[in-house]
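Got chain A; can you put chain B on it based on the hints?
Going down the list, the sequences are from chains A and B. Residue numbers 887 to 1002, in this note's numbering, belong to the letters of the first sequence in order. Residue numbers -2 to 111, in this note's numbering, belong to the letters of the second sequence in order.
One should not assume that every hint holds.
Claimed, not checked - Only pairs whose alpha carbons sit at most 27 Å apart, straight line, appear in this in silico BS3-like list of lysine-lysine:
| no. | chain 1 | residue 1 | chain 2 | residue 2 |
| --- | --- | --- | --- | --- |
| 1 | A | Lys989 | B | Lys62 |
| 2 | B | Lys54 | A | Lys989 |
| 3 | A | Lys957 | A | Lys989 |
| 4 | B | Lys54 | B | Lys66 |
| 5 | A | Lys903 | A | Lys943 |
| 6 | B | Lys14 | B | Lys62 |
| 7 | B | Lys66 | B | Lys15 |
| 8 | A | Lys943 | A | Lys989 |
| 9 | B | Lys68 | B | Lys15 |
| 10 | B | Lys68 | A | Lys989 |
| 11 | A | Lys989 | B | Lys66 |
| 12 | B | Lys15 | B | Lys62 |
Just so you know, the hints here were simulated from the structure itself, not pulled from any lab data.
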Amino acid sequence: KNQVEQSPQSLIILEGKNCTLQCNYTVSPFSNLRWYKQDTGRGPVSLTIMTFSENTKSNGRYTATLDADTKQSSLHITASQLSDSASYICVVISWKLTDSWGKLQFGAGTQVVVTP
Amino acid sequence: EAQVTQNPRYLITVTGKKLTVTCSQNMNHEYMSWYRQDPGLGLRQIYYSMNVEVTDKGDVPEGYKVSRKEKRNFPLILESPSPNQTSLYFCASRDRSISGNTIYFGEGSWLTVV
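Chain B extracted, bound-state conformation:
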């Protein structure tokens, strides 16, 4: 079954304490991406990766880091979380060609920074 798996699903942390949200896909997709979703706003792209060791900033990259050491994994790293990073985070993956191909989303990770 095609799957994008995120962990943890729920996390409460304190300001400044480094955390990592993992993302793994089993479809051998080249393209992976992280989004955050806030009330009243559409999903906004944080970072994306077009292949192993190839990453680039999305629309809201400040305060985040990513890495792509393996094709299946794309972790999101918050080096020093702040309360404005409290949000719902989604990882997504898809094939290289956007034309007609499905984009798969993970189940989401609820992050609260206090």
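For reference, chain A alone in the conformation it holds in the complex:
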């Protein structure tokens, strides 16, 4: 079972509208959580990085939240644009004091389509 679950699997929104994507994880021990944007056929690009002590982080129209107690994160897209059409991937980093390298656990992604 994947330790990082994303929902919904896909969604379609009208240009200008807002949307929220969800990420639930069971990864332990937890180090940090990242959201990536992946355009079709391209490599993932980092949007936000949040550590255990941070509960919100913004990057332009993208705002990520983290609740480390419930192991949930969300990515909110405000005033969506056509260029927001992409897959959004939640990545949770597991890290131990004895291992500075860390291990990445990837969600399967949420495919967002913004229509005119």
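Below, chain B without anything else, positioned relative to chain A:
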């Protein structure tokens, strides 16, 4: 500009014909890794390397080989490709410490094995 460069970007090959996908990074990163991405699945790690001549298996290493002779290069080798290796492949690199540091991904290599 920080970059991870993969080649080729697109390749169609036949079963059993050896191929190599190259990966190069210009950030002097110690850590490099290969992933494959299939529909409905998250990125899955194939192999990773923590430094020159230091490599280890990820979650799905079967059918793949890697080498790390130089810090900047980390080629992925398919000795005898099979159709189940048809996938989108990504190379990534980062600094040693995972805390807060960006992970850089290449643009991806589409591989089709017929």
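- Item | Which numbered hints fail | No numbers; nothing is violated.
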